[in-house]
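> Chain residues, written in single-letter form:
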Amino acid sequence: MTNEVTIIPDVRDRMAEALNAGADASEVEIRLENIESTTITFQKDSLESLDKGVSVGGCVRALVNGSWGFSSFNSLDNLMGRVREAVDIARALGPGQAKLSVQEPREDIVPVRILRDPRSVPVSETLESVKKYNDIMLKSDGVVSTYSTYRHFHYRRWFMNTSGTFTDQEKMKVTLILMAMVLDSDGMVQEGRDYLNSMIDYDVVVGAGESAEIAVRDAREIAGAPKVKGGKYPVIVNPDLAGTFIHEAFGHLSEADFVHQNPDWQKILTLGRKMGRDFLNVTDGGAVPDEGGTMKYDDEGTLAGKTYLIKDGVLSGRLHSRETAAALGENPTGNARATSYRFPPIVRMTNTAIEPGPHTLDEMLSDIEYGVYAVKPHGGQTSLEQFTFGAYRGYEIVNGKIGGPLKNVSISGNLFKTLENIDMIGNDLIFDSIGGCGKGEQAPLPVGTGGPHIRIQDCVIGGEA
Amino acid sequence: MSIIDKVLELAKSRTDSAEVFYSVSERTGCTWSSDKLKLAEGKETSGIALRVVTDGKVGFFATSRLDDPAMVVDTACELARFGTEFAGDFVRESVPAKIDNYHEETANISAATLVATGNRIVGVSKERNPEAFWDAKLERITVDSTLANSNGARVSFKKAIFDGHLFAQITREGDVMMVYEFDEGTTLTNQPDTWVEILAKKLSDAKTIVNLPGGEYPCILTPKAMNVIGPVKMAMNARMVTKDLSPWKDKVGERVFDSRIDLYDNGLDPTQGATQPVDDEGVTSRVTPLIEGGILKGFIHDLHTAAIMGVAPTGNGMRMGLGGPPRASFTTLTMKPGKKTLDEMVAGIDRGVLIDQVMGAHQASMFSGDFSVSVSLGFVIENGKIVGRFKDGMLAGNVFRMFKDQVVEFGSEMKSADIYSPPILFDGMTVATAGG
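Going line by line, the protein sequences match chains A and B.
Each residue of the first sequence is one higher than the last, beginning at 154 in our numbering.
Each residue of the second sequence is one higher than the last, beginning at 3 in our numbering.
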């Protein structure tokens, strides 16, 4: 790992010393962080932004009598005072209900495997590459404007708690988003986009000629496409989008923080409940290599693993922090995550996926008279039981064949009904990490999503008549 | 010498012009989860951002590290070699608008006050609606900022903001309902108690589930559900105009909306959290008319876009935290209200819907205005009365067309969300539902 150590000298000893000031709390955690980021954006014919940021900061979380106190800061001068502050504000709340599962102490330094480090690439080289892709789009017929944005961040996090765990981890992400804008027949701007990202290699992202062409092709296709008519359809979701679907439709519901104090939810989400057909399997885990949610330890020092949330169609697990695990008498799963030192960890997904099933795309298409083939994720949102997700592009399915393009495909559903309505799962699988997840005030958190083709009956798609 | 002066002096000697922005913020917050007080937080954030211009090109660097002025200047100067073009000039003088937006009583709200307020609203709500589980967050934020540039302008300003939300969840097999209220502002100490009343009424209105067939309905959108407004905001932003991304780029002076619509960016509203006496480039805050009588009057600008388009800056050069350079963005986009209360609007509808919470606005097309959102809280109106809630619906439309051709009337009760607006009744809105 590189030079950040010089920014926080003697980091391990200082954290250990500061924790002594919290000896009277049930648990105290310190997390320190160094974040570096660079953003480059071209819009139309000019460079719109070239920004760098470096942030050093930390936080302390303390549990006293079942209530939490949290303190975050940029100055690392007085860590011991920060520990006292967090302990004092927790104590002032009076008794609460939080308890933590026991943690086996661990000490681990976890460097990330980086093939080409974006921080070592001269800014001029990245600028030239992004400009090249922007120009490819801008020079294409019919393109009226463009938006090309490159971003990388790298952070290093040091974590120590009074249970005796110390971890020192790093994470990197490089992202390139290319958007081409064209006018439709009403003179309105329609955009097409493509993107690339990597957790380990600058070169994967900055080799994007094809993406620029895809963005232009998509923009033209969307501009010429009719809007989907609102209603209920059989929908085939492609693998890129299936990951977003399961993240929104089911993933958030498996986060135990809203369950552990709510007996109504505990009743509904009893492990063993039938959720879907026998071939439906859903997993989450930070141990999947090199994806957005990959991290060996979560932000409470729990070793990440792989959790089956649905196994053979049956609800079989949920995502936990140490607190939610203790409350429900289950084991922590390594899902306590924070976007940065400014926030306490909360229960979050890491890399969430539907596992491949037995069906082929041809089988899925064959008996659909009229339906929608939805591809390319365009965000989503959930209120637990109800969810929505968008597809950049969609196609009609007519008499078993993929037909012409559609624009504005936005799907909404009730989680339980929708999982039951997944009647086929493909034998393919694609992981994607473009997404940043938002929950409460913490966004974006890097996550991975994965899935095969899936077919869902009776999906509600919004649209005008 | 302060860090501001150190960085500015160093930068001045090496560049054509330089601008330093320094900000310290403090947050005190309390969180309730499932009826119980759970967490108290104290957060301190500090950092410095430097923007330099050399040969018309900008270098921008932001950091929380206040111990190394040379590193800050070196990095910004290095980036300026490749940087973005800057057509403007930093302000020569920064004159704060006279606004009564900073209140000591807001700045001094203690954690103990937050705890007492939250315990009261969660406690009362639970007593009135024991079936619901109640979450809340209350927060007090103070920000102290200083801007100084090589043209000699220097200005400091303070903000004190109170914000929070109250959130009810009722969980039954086959029917999970989430209802929330939120507010942010400079003088809202008493606001949380109003959330209690508003949510109690909504929970009561939502008791019955009504099957709503898909179709076209008169539809009241509350300000909370008005987050489909995004493409309209883009259309009025000079950053988009200069990139040919605004459908209104050549339409100043033309009618773009219903002739009853007045829209303005209000940088002077003392009650709004976004209000400050100067923007983050030092331009005096003001009210900028954008649409009057349905006619487009202009756009919001930062120094750069104003210089490109040859107009005066509008005081909209805002930073999203410390991390990025100032860019034109709205302070408080405000729509002129009408006369009727929400109850009176509902009373005038034979059969229609009232939509208060939607999900998935960010899935819409960014520029064209077409949207299709999932309705997470929508009520059915029959014969002038709310008869219950509909589920699993999607609302679709085009936001430009809605404000041009579909407005029936405006309500009077203003609320600040993505836009500060009253509820609005639109005609002929398409709702798709699982009911067909």
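Since the hints were made in silico from the structure, they are not lab data.
Just so it is clear, the structure is predicted and the values come from calculations on it, not from any experiment.
Just to be clear, a hint being listed does not mean it is correct.
With a Cα cut of at most 25 angstroms, we get these calculated SDA-like pairs of lysine to any residue [what the hints assert, rightly or not]: (1) B:209 / A:617; (2) B:235 / A:617; (3) A:382 / B:229; (4) A:197 / B:89; (5) B:253 / A:336; (6) A:205 / B:229; (7) A:592 / B:251; (8) B:128 / A:418; (9) B:251 / B:87; (10) A:420 / B:37; (11) A:285 / A:378.
> Do the alpha carbons of residue 197 (chain A) and residue 89 (chain B) lie within 25 angstroms of each other, as the hint requires?
16 angstroms, holds
> Under the criterion that the straight-line Cα-Cα distance not exceed 25 angstroms, is the pair residue 235 (chain B), residue 617 (chain A) satisfied?
OK: residue 235 (chain B) and residue 617 (chain A) at ~23 angstroms, within 25 angstroms.
> With a cut-off of 25 angstroms on the C-alpha distance, tell me whether residue 382 (chain A) and residue 229 (chain B) pass.
22 angstroms, holds
> Mind checking the alpha carbons of residue 251 (chain B) and residue 87 (chain B) for me, to see if they're no more than 25 angstroms apart?
The hint holds at about 21 angstroms.
> Does the structure keep residue 592 (chain A) and residue 251 (chain B) at a Cα separation of 25 angstroms or less?
36 angstroms, violated
> For the pair supplied as a hint, residue 420 (chain A) and residue 37 (chain B), is the alpha-carbon distance within the 25 angstroms limit?
18 angstroms, holds
> Holds or violated: residue 205 (chain A) with residue 229 (chain B), Cα cutoff 25 angstroms?
Violated. Residue 205 (chain A) to residue 229 (chain B) sits at ~30 angstroms, over the 25 angstroms cutoff.
> For residue 209 (chain B) and residue 617 (chain A), compute the direct alpha-carbon distance and say whether it is at most 25 angstroms.
With a Cα-Cα distance of about 28 angstroms, the restraint between residue 209 (chain B) and residue 617 (chain A) is violated, given a limit of 25 angstroms.
> Against the 25 angstroms threshold, does the CA-CA distance of residue 285 (chain A) and residue 378 (chain A) hold or violate the hint?
28 angstroms, violated
> Has the given pair, residue 253 (chain B) with residue 336 (chain A), been kept, meaning a C-alpha gap of at most 25 angstroms?
At roughly 16 angstroms apart (the allowed maximum being 25 angstroms), residue 336 (chain A) and residue 253 (chain B) satisfy the hint.
> Can the restraint linking residue 128 (chain B) and residue 418 (chain A) be considered satisfied, given a maximum Cα separation of 25 angstroms?
17 angstroms, holds
Checked against the numbered hints above, the structure violates hints 1, 6, 7, 11; every other hint is satisfied.
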